[in-house]
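Undergrad: If you read the sequences in order, they're chains R and H.
Residue numbering for the first sequence is 0 to 600, as defined by numbering that gives the first Met the number 0.
Residue numbering for the second sequence is 0 to 284, as defined by numbering that gives the first Met the number 0.
Note that these hints are calculated values from the structure, not bench results.
One or more of the hints may lead you astray.
With a cut-off of at most 16 Å between alpha-carbon atoms, the simulated EDC-like pairs for lysine to aspartate or glutamate come out as follows [said to hold, decoys possible]:
id, chain 1, residue 1, chain 2, residue 2
1, H, K70, R, D477
2, R, K545, R, E598
3, R, K487, R, D536
4, H, K100, R, D477
5, R, K441, R, D391
6, R, K513, R, E598
7, H, K209, H, E27
8, H, K100, R, E8
9, H, K71, R, E442
10, R, K441, R, E412
11, H, K209, H, E86
12, R, K235, R, E219
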Amino acid sequence: MTRALIRKELREHLWLFLALMALHALTLMGLLSQARDDGSVFTALQQFTVSMGVLGVLVANSRLVVREYSGRTQLFLETLPVTRLRILTVKLLLGFATVLLPVAIVLGICALAGQGREPITPRYLAILALRSGVFLLTFHALGFLAGMLGRYRYVFWAGCFYLMSVVMKKESFDNIPLFRLVDQRMAFERNVFPLLDLGVMTAVAILCLAAAFALGLMQEGGLAANLARKMSHREKVFFGGLLLIIIVIESTVDERRKRPRFDLAAATRSTAGATFVGIATTDDEDAPEAAMAVGTALAEDLESLRIWLDLRELPPVFVVPDSSLDPSQFVRAELEDTDGVVMKAGLSDPAFDGRWFRTTAVDEVLAWYSRNRSRREAVSWFTAGLSGWWVDRLEPDPRLRLRAAAAGPVTREELRDWLTTREKLGPCLAQAVEVGLVEVVKEQNPDGFQALATRLLGGERPGQDFRASLFRKSVEVDLDQVVKGFAKRVAADRLAFAEDLAKRQQVTTQLDAKVVGRGSGIELHHAVQSDGGDPVDYTVRYATLKPWAGEKLTLLSFSTQGSGVLPQVFPRGTRLFSSFDIDEPALGCVVRHGAQRQELQ
Amino acid sequence: MSTTPAIRLTGLRRRFGKLQALDGLSLEVRQGEVYGFLGRNGAGKTTTLKLLMGILHADSGDIELFGERVKKVTVPLKRRIGYVSQEQNFYPWMTALQLGKFVSGFYPTWDEPEFKRLLALLDVPLERRASELSGGTRSKLGLALAFAPHPSLVLLDEPTAGLDPVARAEFNELLVRVVRERGTTAFFSSHIVDEVQQVAHRVGIIQAGKMRFEGEIALLLSTLRRLTGPFELPQSFTVVRGDIVQADAALWEQMQWPAGVVAATVDLEDAFLAFARTDAVRLPA
């Protein structure tokens, strides 16, 4: 009987299992080649278990259980001299075997591949086998239970993922016993059996299996047969509605779930009216005077901005000095459980630019208040410019107009795609252009400027739920007029600053891709030449672009003089952003040249 | 032929929620006979067959199979029973031969040449997938699968439901032929009276989970008449329903009806309709 059942299942699903095996083989090859760089060949086993094991469970249960019951062919089986218990047991064990076998083979392959390269003991192999085996058993038990739930299996999985997301808000991924069994440490734990996790997950698996068998055997199999029927229209509407309600409740609750305000006891506070800025200090030392001056100026910026824009609240703002940071780089810390704006900056560096830092901090506060809506591309030129203009407005820095003149006029399209334009201009020139644009808007609309800025960024703080994001605010300005006005201003400034602009060093940048190895890798050779032939100091900034990469990139940098080769070989087809940063004393900042995104071929 | 009944059910009860599907059902099927189990849709026929197959369990009552009282229809017992269901839920991707090969794994007594002979006799294509077979051919395939392991008892649950009259007649002819050749007991449930009359030696009429009549068709019909005209019904006569009246066969012979009263004989359909629509019961002696 059992043999007949197994033969039937193999015959029915053989082609799919073979296709799955082929996929397993291809995946394993990729994982093994990657594992060489990961410190242990057994990382391939860990990744294979997590990816292919899980896929195998889903496929096996969908084919062996769901297909049988939704096709109502189990009714035919029930007429044969075989018990339901045996039918279910064969399906369970066969499914588990198809999931476990590839992982066992991979364990064997890893053990062979790792021989002589890393210490492999029977204990280590037993730990690996138990970890992956119990992980797969638990997941398989969940999949088997889901399969017995028939048309409600999607609801079951959705519930599991929702539960997981709720747990993960409190705990990290690695703190969930199921995933801890196959986390990054799996390949490197050679001595200790994670007995507690193994026990807990085995118990969970047993519970799931008991529930699945109960479903399959209750009411003489009638319950599982009924569950396997297709969802009625009413049920679909019900579950669709339920999903929508959960999303709405979640977003509303999330909005109302006020996180406590960030506080730092060891901080010196600079206050201005109702606003303060804290500068982090060590226990026995106050913040240096220069840092305090920056804090005071920023507190005044924020307090006046709060009144001008009618901001109803401001976040706690703290600055943490970090001497390891480049003086032109300011980093906003991510706060998981608290709310506020915490910036890191090299406050004590002689090259630290306090005004630039304040602009960045004001921009971050506006982003906090608008829940990042100030960063939307369509309005980002205005909101970033407003931050710069606000800091600059009392003591205008003439270099901003000079830099804007150096950058030149912008088109309407460049305004629309401001993040792309900003990437090309670099932070120094982009900020000057943004401030210039805002000044043009103010000049063209002197009476309504404050009202316009308040409508966009001020007043009531927007909600966090999805309803708020549906109603987007926009800047009500005539872009053509702004572009024309800015071009006029640039033309005038180019005449006014002609002498300073003439001092700019004219440079030519070059970035050549050269194929290395057997044609699979590409080296990037870079060079910068001045027209006068003087050696030029420069920094190449670059980042590889992932398919999902947005406009905000984390750039790597490589500084040199004259020419050089990037210390990295890129695979063919890599998408890359690159630019040359050159310090220009004439403009008083580092200017970006030759910014481009390209595919390396 | 053994006198031990192939099936004996006594006081069988089974409830599904609020529905009392079987309400003290008792019946007896003799070995070697074709027993016609008649009843309307929902009368409890399929429930009875599923209890006999061990697919369902009874709430109370006794089941005897081949003279043995069984609490649970075990696998060895099930191997002695062939089953042809109303819906043929075969694996759609299997051909008749593949189905035979699969089913053979469950029956030590499986007779492959016999299976092929039956397929040929029933005109079932060997290499066509089950999903491509017509309803009639699927029923025939079910019959071949049920008979190939040489069962002692074959349960047929409305096997011809949904078939056209020609296919139904063919199926029934083949059933009678196979049963006669083998001496197998057949328990044949249906709500189509004609075909039961065509194949069955004895019938049981079930209504609302209770047995209304059980016996030979000729005996049943000899007790029933359709009475028309002005008359006063004597005590020993019972109105089953409307103008159908039941009494001992001998009484009908002896009775002198007044002028204008006609006592016409009835067929099985009239009898079934009368019993299936009423609670009045009077089993003939």
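Undergrad: Determine for every hint whether it applies to the structure shown.
TA: Now the hints, each set against the structure:
1. H:K70 with R:D477: violated, 88 Å
2. R:K545 with R:E598: With Cα atoms ~11 Å apart, K545 of chain R and E598 of chain R stay inside 16 Å; holds.
3. R:K487 with R:D536: Violated, at roughly 34 Å.
4. H:K100 with R:D477: violated, 80 Å
5. R:K441 with R:D391: holds, 14 Å
6. R:K513 with R:E598: holds, 13 Å
7. H:K209 with H:E27: Judged against 16 Å, a Cα distance of about 14 Å means the pair holds.
8. H:K100 with R:E8: Distance ~13 Å between K100 of chain H and E8 of chain R Cα, so the pair holds.
9. H:K71 with R:E442: violated, 94 Å
10. R:K441 with R:E412: violated, 21 Å
11. H:K209 with H:E86: Distance of about 24 Å is beyond 16 Å: violated.
12. R:K235 with R:E219: Outside the cut-off at roughly 27 Å; violated.
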